[in-house]
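Colleague: Between the sequences and the hints, there should be enough to build the whole structure, so can you do that?
Line by line, the protein sequences give chains A and B. Just so we're aligned, residue 1 is where the first sequence starts under the numbering used here, counting upward by one. Just so we're aligned, residue 658 is where the second sequence starts under the numbering used here, counting upward by one.
Any given hint might turn out to be false.
Said to hold, decoys possible - Facing chain B, a subset of chain A residues (Cβ under 10 Å, in silico): (1) Ser-234; (2) Gly-238; (3) Glu-241; (4) Gly-247; (5) Gln-252; (6) Leu-254; (7) Val-257; (8) Pro-337; (9) Lys-501; (10) Asp-505; (11) Ala-506.
Note that these hints are calculated values from the structure, not bench results. Heads up, the beta-carbon is just placed ideally off N, CA and C, and yes, glycines get one too.
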Amino acid sequence: MSTPTFVDTLPHWLRKRSSVIVIVLVVWVILATLLRGVDTLELSTATNTPVTEWFRELAASIRGSRSEAWIFIFVFNPIRAFIQGFVEVIRSVIAVPGSGDVIPVIGWLGVVALVGFIVYASSNWRTALLSMGLLTACGMLGVWIDTMDTLAMTMGSVLLSLAIALPIGIWAGLNDRFMAFIRPVLDLAQILPTLVYLAPLALVFLVGIAASTIATMIYSIPICVRITAHAIRSLKAGPIEASESMGSTRLQMLRKVQLPMARRTIILGINQTTLAALSFVVIAALIGAPGLGKPVIEALTIRNVGNGVVAGLAVVLLAVMLDRATTAAVQHSAEIPPEGDALIRRRIGLAAAAAATIGAIALSRYQLWAAVFPERLVIGSYIGNAADAVTDWITSNFYALTIGLNQNFTIHVLNRVEAVLADAPWYLTIIAISILAAIIGGRFVGVLSLVLLTGVVLIGLWNDAMVTLTQVLIATAIVMLIGVLLGVAAGRSPRVERALKPFLDAGQTLPAFVYLVPVLALFGPSRFAAIVCGVFYASPVVVRVVADGVRGVPKDMVEAAVSSGSSTTQVVTKVQLPASKKSLLLGANQGMIFVLAVVVIGGFVGAGGLGYLVIVGQSKPELQGKGLAAGLAIVLLGIVMDRIAQAGARRNEKQPT
Amino acid sequence: MTAVTAIDSQVQVDTDAAISVRGLWKVFGEDANSIIGSPEAHLSRPELLEKTGCVAAVRDVSFDVAKGEVFVVMGLSGSGKSTLVRCLTRLIEPTAGEVFFEGEDILTASKSRLRELRRTKFSMVFQHFGLLPHRRVIDNIAYPLEINGVGKDARYQRAREVIELVGLDGYANHFPEQLSGGMQQRVGLARALAVNPEVMFLDEPFSALDPLIRRDMQNEVKRLHKDLNKTMVFITHDLAEAMKLGDRIVIMRDGDIVQVGTPVDLVMKPVDDYVADFTKDIPKSHVLTMGALARAARADETVSADPVDADLIVRKAIPRIVNSTNPVGVVKGGATVGVVGRDDILHLIADDADEGSST
Ligand SMILES: Nc1ncnc2c1ncn2[C@@H]1O[C@H](COP(=O)(O)OP(=O)(O)OP(=O)(O)O)[C@@H](O)[C@H]1O
Ligand SMILES: [Mg+2]
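Modeller: Shown next, in the form of structure tokens:
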């Protein structure tokens, strides 16, 4: 520590940061217990505050000026029309009949064949077959049209996102100043929970395809920009210098050297962008995105588990297909292109596949069975019924495990933490958090926390924010526990890692939204359900980060410990964990951000808090202002948590160990 | 091959030289420009770093490279060799000084002129090859032609020629990662030769190769130089390599030039202990020519009938002399310049042995 903090003025035994933190926590809990119920700023859902009232009026005036203000006439409305038109074209090809038609341009068989061909051309026939199988399975679930709508929305969003993100990413990769300029935006985008974009966008672009596509783009563009810029920045310097020494112009260098060399990583970025877009398109059903998100939301709101499970399953199949296809494309791009016989075989294969695809498309335009997914093949309703039956059976036979677990956890953990955060005077909570922030992250972070949290109070949603924060903190703690246990195991043993890999992959591919359905079915609408979802969603990332950290501990350090007679536990606790402290903190930060995103969505499953207000604001006009304000409060909360964790991680890095 | 070596920056530039460098500086760091001409410029490198945070990688360097010459730059790691050679083609922008190519001022050349020079007159070979991993060997070699707008057929034809020249026949359609290090560097050489440049810059081209392959590649460069007679600026930190390839060698230390000279100069007349330390392991008989050793015949000597060439290295002349008690005549361009006897050579070898044992 270069600058002396107030810690330096304390007696020696108090200088250890951990003991100071414990003391602050103890004092906080005692005071919160004594002052329970005082100045909690609790507010019933239906009540507006001056700030939310102001947001409501703002929203009303925006709605009123949609057809008048120049910014709408010349900017927002044309954008909306363009994006809507673009996505509608894709939809009319694969999903819905265009005007005057009875079927989309290409029927289901044609779509399956076309997808197979594209995947084959960009990777190999095995992945192509898998993709075709997964798509057909979506049809068999009885949600073909919804699947196509989701696919069309995803494709439309991805294409538009790439059109914007690739140039920006390339520029950011080439130009330091531009990178410095957009970095804060990228950082902010990373911590914004998905739910908060929706309401403002719906307000400006109307509920519907345009708003949901734009929301999806806002979510996926930063991911793509980040990876593209990284791809350009991490290129080896040698070939670039060589190319410069031969007199390449900058454009030649970019086209012939940098882009081809960065291609693999850029395609990886497209993979990530696609999965992000898919998961967002599902959530964007909230503001009118067509497709599989609709039945999922219905399932959540009217608790129709069967339908939700079927739709959720289709989302999963689609996600697996998009992931496999783009991952295979990444691998394919790194392979040495075929030559001689292999090249001829590949060309023949491509020609045959193209012919078959054209045939299938033609069939799908003139034969009903190839145009509309045959009812005979649909087994979705069986799966839905089975899911309902299984849920009933579990909830009635394992009551203790589901509802019982929920209740016990709620009484003994959730309520107690919430009592300290939410049921205490607001100023006590703010001061306590800010002091902890200052100890962990330094004076600046302390002041920032103080200011932003006071902002939440001024917005008037303090109590709801603390309800959300409670869930986030508890879920993060559980995630860290799981992350450290599994992460250390995976980091130490390749066998464990291999066993965990499918789950980790699945966890990172699946849209968070689809977890909600089974969790809701098992645990009922509750804060506990939201926490479970958050834990499911965030754990894979943290396990991965921790495992990487443990694996990164130098071998000789571990060997030295083992050879001096340390037990396994000692090696883990005294060597591997301390040495990978940075990964642990990074994991905690990531975990917290992921948890926040899901806990907010947990508003759907009875988690209350800010997320609930966002969702209610979506459906009740008189609470729209409150929904918008809640979105703002979520952002403030997210920034505070991220800054504390980041500053903690940075500070730890600087300290000599 | 003679070269004018002007160390004084006031001296008129030798327009016959391929490259002339005058008072060249490269200082890394913020505000590097303000250091040139200030008293700080005279500080040693560590002192300068301590005081200003700047690194003087190249300090006030001047030399000429003659056409067709192999000019070797030598020095320990960090002595500024790479920086120097990159300043010559402005891959690194020098902080101060002048660089002339055939009399043309490089440092004031426009961007497009510089690009033209890089495309047609200069080429470079790198320690880590710098090949484009996504291109086949032939496309790597054709790359400099491609960016210069040469049509596909013409550039492939030229690429095939140089592929043959460097002995890579049959590998045209491989990707760099499929080749060994030595073969990759052959691709690097071929690429540098493709545009038929006038000057080649080679920055430690063989340092990443193992010793046997390195020797092969050195012979390759010697052969190419003999056949094509290109001007070469060759960087190395390996003295044996420098002695083997260099017509002249410049020794650098902490950004300064310590000595410029022929291999013989460096071995026989090191200007200071630093150079002497460098060269002390080189046996004199390996660098001295018979011409340098020649003396006037004494009256009592009978010179054997068959004379040797003055440019012949002493070591290579040993078999010629070992069987005769009489000294041999040394001729240069037909004229006899002196004689060398068996004793003279034995004395020389004895000197080497002395110095060897003193280390
Ligand atoms: N871009 C840079 N910024 C700052 N300092 C640099 C930079 N490039 C080189 N230097 C410094 O300049 C000095 C000379 O470096 P240079 O690479 O020219 O040495 P070299 O003789 O080629 O060494 P080597 O044999 O290791 O290649 C070194 O002290 C190096 O740290
Ligand atoms: Mg170097």
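Colleague: All the hints need checking, so say for each whether the structure fits it.
Modeller: Taking the hints in turn, this is what the structure says about them:
1. Ser-234: It is violated, given that the least Cβ distance between Ser-234/A and chain B is near 14 Å, above 10 Å.
2. Gly-238: With a minimum Cβ separation of about 4 Å from chain B (threshold 10 Å), the hint on Gly-238/A holds.
3. Glu-241: holds (6 Å)
4. Gly-247: holds (3 Å)
5. Gln-252: holds (5 Å)
6. Leu-254: violated (12 Å)
7. Val-257: holds (6 Å)
8. Pro-337: Holds. Min distance 9 Å.
9. Lys-501: violated (27 Å)
10. Asp-505: violated (28 Å)
11. Ala-506: Nearest chain B Cβ about 33 Å off; hint violated.
Comparing the model with each earlier hint shows violations of hints 1, 6, 9, 10 and 11; every other hint is respected.
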